[in-house]
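Peer 1: Listed here are the chains, written in short residue letters.
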Amino acid sequence: MSTFKIEHRENNAINVLDLKGYLDAHTAPELEKTFQSLIDTNRFRIIVNCRDLTYISSAGLGVFMAYIEDVRRNQGDIKLSNMSPKVFNVFDLLGFPLLYEITPDEADAVKKFQETGKPPKAGK
Amino acid sequence: MTEKKFKKDFSSLESIDAFIRSFAADHSLDDEMVFTLNFVIEEIFTNMVKYQPGSGKDMSVGLSREDDLLRIRLVDYGVEYFDPTSKPPVDVNKPLEERRPGGLGVHLVKMYVDDFRYEFTDDNSIITLTKKLKD
Numbered sequence: 001m002s003t004f005k006i007e008h009r010e011n012n013a014i015n016v017l018d019l020k021g022y023l024d025a026h027t028a029p030e031l032e033k034t035f036q037s038l039i040d041t042n043r044f045r046i047i048v049n050c051r052d053l054t055y056i057s058s059a060g061l062g063v064f065m066a067y068i069e070d071v072r073r074n075q076g077d078i079k080l081s082n083m084s085p086k087v088f089n090v091f092d093l094l095g096f097p098l099l100y101e102i103t104p105d106e107a108d109a110v111k112k113f114q115e116t117g118k119p120p121k122a123g124k
Numbered sequence: 001m002t003e004k005k006f007k008k009d010f011s012s013l014e015s016i017d018a019f020i021r022s023f024a025a026d027h028s029l030d031d032e033m034v035f036t037l038n039f040v041i042e043e044i045f046t047n048m049v050k051y052q053p054g055s056g057k058d059m060s061v062g063l064s065r066e067d068d069l070l071r072i073r074l075v076d077y078g079v080e081y082f083d084p085t086s087k088p089p090v091d092v093n094k095p096l097e098e099r100r101p102g103g104l105g106v107h108l109v110k111m112y113v114d115d116f117r118y119e120f121t122d123d124n125s126i127i128t129l130t131k132k133l134k135d
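Residue numbers (this note's numbering), protein chains in the order written: chain A, 1 to 124; chain B, 1 to 135.
Read the hints as simulated data drawn from the structure, not as lab findings.
All figures in this text were calculated on a predicted structure; none of them were measured in a lab.
Warning: the hint list may mix true and false statements.
Claimed, not checked - Derived PhoX-like pairs (lysine-lysine); straight-line CA-CA distance at most 20 Å:
hint, chain 1, residue 1, chain 2, residue 2
1, A, Lys111, A, Lys5
2, B, Lys5, B, Lys50
3, B, Lys134, A, Lys86
4, A, Lys86, B, Lys50
5, B, Lys50, B, Lys87
6, A, Lys86, B, Lys110
7, A, Lys5, A, Lys20
8, B, Lys110, B, Lys131
9, B, Lys134, B, Lys110
10, B, Lys110, B, Lys57
11, B, Lys7, B, Lys57
12, B, Lys132, A, Lys86
Full structure from sequences and hints, please.
Peer 2: This is the structure we're talking about:
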């Protein structure tokens, strides 16, 4: 039951991680490795799609905390999307919606990246 | 109380989940409660693995339901005194740079359950959680 899977793809030049299953103390190191390899290859625009994430514990939350500063320092961000109410509740209880951008859909997260990634328009 | 022993290692989380699911099926608990049980048990279990790894003994997880009350008991055998209930609460309004990962789990457990107790007897750490079921 306690399986976990990460798939990496790109959406409009943004790195999307699809998480599936259980993100717990046992599986959290896999997500750590994935974030680390993205950072090592200078990929700092990251969306974590949580549509198929059925469970998260504080070990999972800790992974997001461990990498966010690194990513933001490099003008990137980790945005989260498509969370189930149960998973969102865990983030919410710790006040994470104030610290992370959490969007209902992946497309919203892509839009947010595109808005902030654009250079300011001429004449403004 | 339905009780089972598990190896004190993160790889036990999968079999703990199976134990919880089987208990939930026998006691008509819904998916939300399975999530809560997995969550609180993992947080306590993880603390035991991280902070008292050396006992070499299996620990036990027990579950019981009496009417609307769920009781969850974790026993860590042959260890030193370690009371997680005494940890200070996490300030959830703090900005990111002032946050540290530690203590989040215990903070969340307190929010999910109605009662959180620690006892220490004969070198055993016993955590008892009580959760009221919604009707």
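Peer 1: Hint by hint, say whether it matches the structure.
Peer 2: Evaluation of the provided hints:
1. A:Lys111 - A:Lys5: violated, 26 Å
2. B:Lys5 - B:Lys50: Holds, at roughly 18 Å.
3. B:Lys134 - A:Lys86: The hint holds at about 16 Å.
4. A:Lys86 - B:Lys50: Roughly 26 Å between the alpha carbons, so the hint for lysine 86 of chain A and lysine 50 of chain B is violated.
5. B:Lys50 - B:Lys87: holds, 15 Å
6. A:Lys86 - B:Lys110: Answer holds: lysine 86 of chain A to lysine 110 of chain B is near 17 Å, not above 20 Å.
7. A:Lys5 - A:Lys20: holds, 5 Å
8. B:Lys110 - B:Lys131: The given pair, whose Cα atoms are some 10 Å apart, holds under the 20 Å limit.
9. B:Lys134 - B:Lys110: holds, 17 Å
10. B:Lys110 - B:Lys57: With Cα atoms ~27 Å apart, lysine 110 of chain B and lysine 57 of chain B exceed 20 Å; violated.
11. B:Lys7 - B:Lys57: At roughly 7 Å apart (the allowed maximum being 20 Å), lysine 57 of chain B and lysine 7 of chain B satisfy the hint.
12. B:Lys132 - A:Lys86: holds, 18 Å
The structure does not agree with the numbered hints 1, 4, 10 stated previously, though it agrees with the rest.
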